[in-house]
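*Asks:* Sequence:
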Amino acid sequence: MEYVIFIGILLVLSIAMAMDLSWNNVITAERNTMVFADRNREYGAYVLRRDYVKRLLIAVVGSVLVFGLAVGLPKIIAAMGGEEEVVEVKKIVDVNLDLFEEEKKEEPPPPPGEPPPPDAIESVQFTQLEAGDEPADDWLVRNYALETLLEEASGRYVLFLDVDARVRPETIELLMRRLMTDGAAMMTIIPQRADMWRQSAWFGRLRYFWEIIFHSRRAPGVSS
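If you use the working numbering, the sequence shown corresponds to residues 48 to 271, in order.
Some hints here could point you the wrong way.
Have a look at the derived ranges for each label pair, beta carbon to beta carbon [unchecked claim]:
id : residue 1 : residue 2 : range
1  : Ala232    : Leu208    : 12 to 20 Å
2  : Pro121    : Tyr93     : 54 to 62 Å
3  : Thr195    : Pro157    : 44 to 52 Å
What the hints contain is simulated information worked out from the structure, not anything from laboratory work.
Just so you know, even glycine gets a beta-carbon here, dropped at the ideal spot from N, CA and C.
Could you put together the complete structure from these sequences and hints?
*Replies:* Written out as structure tokens, the structure is:
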């Protein structure tokens with residue numbers, strides 16, 4: 048209904064604006080009669096001026112009607128056909144809820160802890176001298192201690208390391224491969240210094256820094 052009222056108001060305003068009957072309108076009937084008083088009125092400008100208002104009204108009314116039909120036609124069809132009633136169907140179902148006890152989940156046993164590390168084997172031994180005996184030189188004392196450890200060790204190969212020496216996991220494997228390849232009974236390597244970043248290592252009394260050298264015939268491991 049509101050669309051019909053809106054279209055009617057728009058139509059009335061369009062007609063009122065088109066039908067300007069004041070003297071300022073150059074196509075009014077009075078001005079046409081005055082202008083074409085002594086002229087031929089059967090054709091030409093007089094006919095165009097006389098029929099201008101009628102044609103303008105037809106165009107305006109037609110445009111308003113087409114616009115009104117385009118806007119209001121869906122509403123008119125819906126009003127004539129009627130809206131379908133939507134029936135809401137509800138179904139009541141009786142449900143018995145039984146309370147069930149939650150099953151107690153057995154917690155898995157805790158993972159076994161890490162085995163304790165084996166007891167450290169005391170490998171540092173000291174050479175005791177009787178009172179009154181003169182101590183031997185450093186080289187003899189050191190080799191005497193190594194010989195004592197060699198007698199107490201069990202196995203085919205014995206590896207001697209300094210107290211502050213560090214080895215990588217693959218170092219011993221490389222040593223054994225080289226030892227077995229050369230068929231040697233003993234191998235000596237010169238360790239690499241790990242404190243090369245220290246200023247004292249560069250400007251100290253030691254002038255030569257030796258890398259790890261594997262003994263070979265062409266490049267034997269020597270020291271200075």
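*Asks:* Next, verify each hint and record whether it holds.
*Replies:* Tested hints:
1. At about 19 Å, the CB distance of Ala232 to Leu208 agrees with the hint of 12 to 20 Å.
2. For the pair Pro121 and Tyr93, the supplied restraint of 54 to 62 Å is violated, since their beta-carbon distance comes to about 46 Å.
3. The beta-carbon spacing between Thr195 and Pro157, approximately 46 Å, falls within the hinted interval of 44 to 52 Å.
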